[in-house]
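Colleague: Those sequence lines, one after another, are chains A and B. For the first sequence, the positions run 1 to 217 when my numbering is used. For the second sequence, the positions run 1 to 217 when my numbering is used.
No false leads were mixed into what you were given.
With the Cβ distance kept under 7 angstroms, some of the chain B side facing chain A (calculated, not the full set):
(1) THR136
(2) ASP177
(3) ILE179
(4) PHE183
(5) SER190
Listing some non-contacts, in silico: residues in chain B with all C-beta distances to chain A over 12 angstroms:
(6) ALA15
(7) TYR55
(8) VAL90
(9) LYS91
(10) PRO98
Keep in mind the hints are simulated off the structure, nothing from the lab. For each residue, glycine too, the CB sits at the ideal point set by N, CA and C.
There are 2 protein chains.
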Amino acid sequence: MSLRIDAWTHIFPPAYFAKLQTIASAAGPLKRWMELTPLYDLEQRFPADGQVDAYQQVLTPSMPPIEDLAEGQAAVDLMRLMNDGLAELVKAHPDRFPAFAGALSLLDPDAAIAEIERAAKLGAIGFQICTHVRGTALDAPRFQPVFAAIAQRNLAIWLHPVRGPQPDYPTETKSHDEIWWCFGWPYDSSVAMARLAFSGISTGTPNCGSSPTTWAQ
Amino acid sequence: MSLRIDAWTHIFPPAYFAKLQTIASAAGPLKRWMELTPLYDLEQRFPADGQVDAYQQVLTPSMPPIEDLAEGQAAVDLMRLMNDGLAELVKAHPDRFPAFAGALSLLDPDAAIAEIERAAKLGAIGFQICTHVRGTALDAPRFQPVFAAIAQRNLAIWLHPVRGPQPDYPTETKSHDEIWWCFGWPYDSSVAMARLAFSGISTGTPNCGSSPTTWAQ
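Next up, chain A with everything else stripped away, as it sits in the complex (with noise of 0.2 angstroms):
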């Protein structure tokens, strides 16, 4: 039976989880995710795994984005708590594990940058980048040398929308079926990738200094 690696699965490593207790708000988005135990609970992930056989998870930064939850040295802080728990899920069970990629909070691209030298020699084979950052686009200049970090690397990014649930039409207050993320992500997905294709950085801009198909994986 050939190996099967699913490339995007969501975690809370332990430490994180706790902190995140501490300083976010249970209602909402939030209270949803922690309804899902297998983000934050290894017993409940494990079993759910050994169903399938020759089976092995990439780990990535579970939501909410770090951007929303902090800034400055507390979004450090929290990168810092994210990717030391994601490299020690790693190290502790590299037979369902085999990688991960970090968490960035780009409201600081030089702390960004710092994080991924760092998060690098942890093992991070890439980062997830969400598709805006407080709702400016990825394609701003101040960004570029964040793309240009982790191409030089030649590390991955994971693209994740942020959407929540906003209604489906002005005049309503509810979207119906979910289709805020079903519609609504692959929508901001396909802006953020647009955005950045047409942006030129994938045709070497003199900011983004590596080759323009490391990034774009």
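Given the coordinates of chain A, assemble chain B onto it according to the supplied hints.
Modeller: For chain B alone, coordinates are given in the frame of chain A:
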């Protein structure tokens, strides 16, 4: 060579185009449409058609939606003016225009149903309906008799997105690279179709008296 039929080509019939210019501003989106001369000038439209042999166009109304232009009797008059004009074009050029889909305004469902009956007698093979009616979803109960009236006549629906050139991100004022329609229109169509399907209209509701496969073509 096999016949090719383009099943969704917009047009402004001459009398409707003249009327439109008296009631709508030439600024913004309308200016955009008016610059597309084949939309209203058969002399411009025909040579382009002639470059492809064995090619025909099913005519459909050009945007903007009548719901955005008028209410009450003025909206009824616009529906009639558009549908009479489409029927005349089909009658005058049957070799180029084998059929047409009529215009409807759904603001007044009873008026829409009356126009469905009238336009069907003129030869309409279906109707173009917008993905929302001034922000109201198509699964609103008041629109169900309109869908039933179309289904009972075994006619088709052309579902048209109506999103305007909105910014891609809340921090911006203008969409880049035509993203607003290139990705926004498929999103809007997907949402509208999902809402209709999950509303139960496709499985035969009490208010929708015909086969579920008819209107969903």
